[in-house]
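*Asks:* Residues per chain, in single letters:
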Amino acid sequence: MMKLRAINGWIVILLVVVGTMTAAVRYPVTASVPTPGHTNRVFDVGEGEEYSRISDALEQVSDHDTIRIHPGVYTEHQLIVEQTVVIVGIDRPVIDAGHQGEGFRIVADSVHIEGLEIRNVPTSHSRDHAAIRFDRVSGGKIIDNRFDDTFFGIYLARSHGVEIRDNQLRAYQTREAVSANGIHLWNSNHAVIADNIINGHRDGIYLEYVENSEIYDNHAVNNIRYGLHFMFSDDCIYHRNRFEDNGAGVAVMYSKRVMMEENEFVQNWGASSYGLLLKEITDSEIKHNNFSGNTTGIRAEGSDRVKIHYNRFQQNGWAIRITASSMDNMITHNNFIDNAFDVSTNSRQNNSTFEANYWDKYSGYDLKGDGYGDVPYRPVRLFSLIVERNPMALMLLRSMFVQILDLTERIMPTITPETLVDEKPLMSEVSL
Amino acid sequence: MKNIREMEKYGRYIWTIGIVMVLAACDPGPQDIRIGEQECDHCRMMISDERFASQLVTEQGRQYAFDAIECMVAFVDGGEGQSLDIHSLWVPDFERPGEWLAAEEAYYLQSDELRSPMALNFSAYGTRDEAEQQKNRFSGSVMEWHELGGKVREAWSNGHQH
Numbered sequence: 014m015m016k017l018r019a020i021n022g023w024i025v026i027l028l029v030v031v032g033t034m035t036a037a038v039r040y041p042v043t044a045s046v047p048t049p050g051h052t053n054r055v056f057d058v059g060e061g062e063e064y065s066r067i068s069d070a071l072e073q074v075s076d077h078d079t080i081r082i083h084p085g086v087y088t089e090h091q092l093i094v095e096q097t098v099v100i101v102g103i104d105r106p107v108i109d110a111g112h113q114g115e116g117f118r119i120v121a122d123s124v125h126i127e128g129l130e131i132r133n134v135p136t137s138h139s140r141d142h143a144a145i146r147f148d149r150v151s152g153g154k155i156i157d158n159r160f161d162d163t164f165f166g167i168y169l170a171r172s173h174g175v176e177i178r179d180n181q182l183r184a185y186q187t188r189e190a191v192s193a194n195g196i197h198l199w200n201s202n203h204a205v206i207a208d209n210i211i212n213g214h215r216d217g218i219y220l221e222y223v224e225n226s227e228i229y230d231n232h233a234v235n236n237i238r239y240g241l242h243f244m245f246s247d248d249c250i251y252h253r254n255r256f257e258d259n260g261a262g263v264a265v266m267y268s269k270r271v272m273m274e275e276n277e278f279v280q281n282w283g284a285s286s287y288g289l290l291l292k293e294i295t296d297s298e299i300k301h302n303n304f305s306g307n308t309t310g311i312r313a314e315g316s317d318r319v320k321i322h323y324n325r326f327q328q329n330g331w332a333i334r335i336t337a338s339s340m341d342n343m344i345t346h347n348n349f350i351d352n353a354f355d356v357s358t359n360s361r362q363n364n365s366t367f368e369a370n371y372w373d374k375y376s377g378y379d380l381k382g383d384g385y386g387d388v389p390y391r392p393v394r395l396f397s398l399i400v401e402r403n404p405m406a407l408m409l410l411r412s413m414f415v416q417i418l419d420l421t422e423r424i425m426p427t428i429t430p431e432t433l434v435d436e437k438p439l440m441s442e443v444s445l
Numbered sequence: 006m007k008n009i010r011e012m013e014k015y016g017r018y019i020w021t022i023g024i025v026m027v028l029a030a031c032d033p034g035p036q037d038i039r040i041g042e043q044e045c046d047h048c049r050m051m052i053s054d055e056r057f058a059s060q061l062v063t064e065q066g067r068q069y070a071f072d073a074i075e076c077m078v079a080f081v082d083g084g085e086g087q088s089l090d091i092h093s094l095w096v097p098d099f100e101r102p103g104e105w106l107a108a109e110e111a112y113y114l115q116s117d118e119l120r121s122p123m124a125l126n127f128s129a130y131g132t133r134d135e136a137e138q139q140k141n142r143f144s145g146s147v148m149e150w151h152e153l154g155g156k157v158r159e160a161w162s163n164g165h166q167h
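Chains as they are written, first to last, in my numbering: chain L, 14 to 445; chain A, 6 to 167.
Isolated chain L, as found in the complex (with noise of 0.2 Å):
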C-alpha cells in the first residue's frame, strides 16, 4: 500500500516536471528574454507621474514594457508606437487630438492598446486621417476604447492578425461633407472584429481587399451609406450584428464565399436603400437573419450560387428583388410574411430556385396533408413588374385594379417569369 502511493508520488512529480517543460515550449513569447536593462518596465503617464505626456514615453520605451496612461486630458496627436508596447489608459484618459492631426500610428507588430477615448481627430480632403492605424503589422489588438468625433475611427492597413473588440465609435458625419468609416480594413487578413457599437460615420464597418476575417456582434447604427460593406473580400463571415437606420444595411460586393449568419437587418428605409445588397457575389450563404422594416429586404445582382435559407422577411416594401443576371441560387425555408411584395425580378428570365418557403399570401390548401400546398406559389406579382418599370405606379398598390390584375396573372401566367415558382410552398412558418 505505502509503495503504492509513493508511486503515485512520483507520477504527479513527473506529470509536473513534463507540463512545465511543455509549457514553456508552447508559450516562448510570454516567457520572451527581456533585453538587458529593459525588464518589461512600466512607463505611467499622468499629471505628476515620471511623464506628462504620451509621446514623451513612447521615446523611451522598448519592446515589452507598458505605458499605464492616468486619468486625464491628453492634446496630442501623431503619436507613432514603434516597439511591441501596451498602452493601457486607467479610468479612461482622453486623448484629444484637437483636428490637428491622426491620433495613433502603429508601425510594430502586436500592440495591444485599451481603456482609452480619443476625440476630434480633423477631416480631410486628402489625407486619411484615423483615431489608431495599423500599418504594414502582424498582430495586435484595440480593446474597450472610445472613439468621438473622429474621421476615420480604426484604419488597418496591410496588417494582419489584428482584433478589434469592445470598442465605442462615435461620429457626427453628414451627407454633404467628405466623411469616412468607423473601422476600415484595406488589405488585411485574419482580422477578429466583435462587439464594437459605430455610429453616424460613412461605412460602420468597410472591408477592401480583406480576407478570413470573422465580423460578428456588431451594432451599426445611423451611418451614411452602410452599417457593413465588402469589397473584393473573400472568405468571410459576419453574424449576430444588428444593422439599423443605416443608409443602408449591407453592401457585400465583389466577393466570393462570404457566410451570413444570424444577423438583424432592420428599418433600412429610403428610396434605394435596403438592408442587404449582393453584387457580383458568389458561392455564399445567408442563414438565419432577419430582414424586417427595410425598402427592399434583400437586393442582389449578378450574383451565383448564393444559398438563402431560414431567413425571416417581415414587413418589407420587397422582401427580395433579384435581377435575372443572377444564376443558380437556392431560395428554401424562408418566411415571407406581411411584405408589400414578396418577390421581384425585372424579366421573364429566372435562373433561381425557389423551394419550400413559407408565404403568408398563399391561399392554397394541403389535401395530402404532407406539409405542402397541393398548387404552386407564384411569389411575383404582375402589379411589381409594372412597378420595376415604372416606379410611379407604386400609388396604385391598393387599388382594385391591381387586385383583379393580379389575380389574373396568377390563374394565367403571361408576364410574370414561368419558372420563378414555389412548387411545394409550406403551409405553416419554419420555425427557426
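I should point out that these hints are in silico values taken from the structure, not numbers from a laboratory. Watch out, some of these pointers could steer you wrong.
[As the list claims (entries may be wrong)] Partial list, derived from the structure: chain L residues whose beta carbon lies under 7 Å from chain A:
1. Arg-188
2. Arg-215
3. Asn-235
4. Ile-237
5. Arg-238
6. Gly-260
7. Lys-292
Glycine residues also receive a C-beta, built at the ideal position from the N, C-alpha and C atoms.
Guided by the hints, dock chain A onto chain L, whose structure is given.
*Replies:* Okay, now just chain A, sitting in the frame of chain L:
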C-alpha cells in the same frame, strides 16, 4: 403707338427668354448629384464621396451618376452606356469641390494615397500642372481620359468584374 412699342419691348424679352430656353435644352450640362441618396448607375453603390462622383448626361438631358470615375469609364466603355446617346461626361475637380470638368479634357492621377470608392483610385484635375503637383505630393501616375479605359479593363476583366 405706345402699345406697339411696349409690345416690341416685351417681344424682345420673350425672344430672349425663348432663345435661352432653347439653348439650355440643347446643351444639357452637369446636374447636381445627391450625395448619400443617389446610387451609382454602374455598381449600385450609394454615392457618398463628392471627390469622385461623376456623371454622364444624355442628349435628352438624362443624368447617369457614378460613385467613382472608374465606374463611369466601365459604363461607357463596354457597359450599358454604349446604347445611349451620350451628350457629355463630367468628372469632379479634385482641387475645387463642387465644380465639374469635361471628362475628355481633364487630367487624371492614379494614386494609392487617394483612395476612390471602387479602388482604382483615379482623381481628376483641370490642368496637367495641377495633376503633376498632386503626383509630387502623393505619388502615382498622371494620365489622360483615353488611357483610363485600358486601366479599368486591365483591373476588372481578370476576376472581380464582368
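*Asks:* Now tell me if each hint is right for this structure.
*Replies:* How the hints compare with the structure:
1. Arg-188: Holds - the Cβ of Arg-188 (chain L) comes within 7 Å of chain A, reaching about 3 Å at its closest.
2. Arg-215: holds (6 Å)
3. Asn-235: violated (12 Å)
4. Ile-237: Constraint on Ile-237 (chain L) satisfied, holds at 5 Å.
5. Arg-238: Hint holds; Arg-238 (chain L) Cβ to chain A Cβ min 5 Å, cut 7 Å.
6. Gly-260: holds (5 Å)
7. Lys-292: holds (5 Å)
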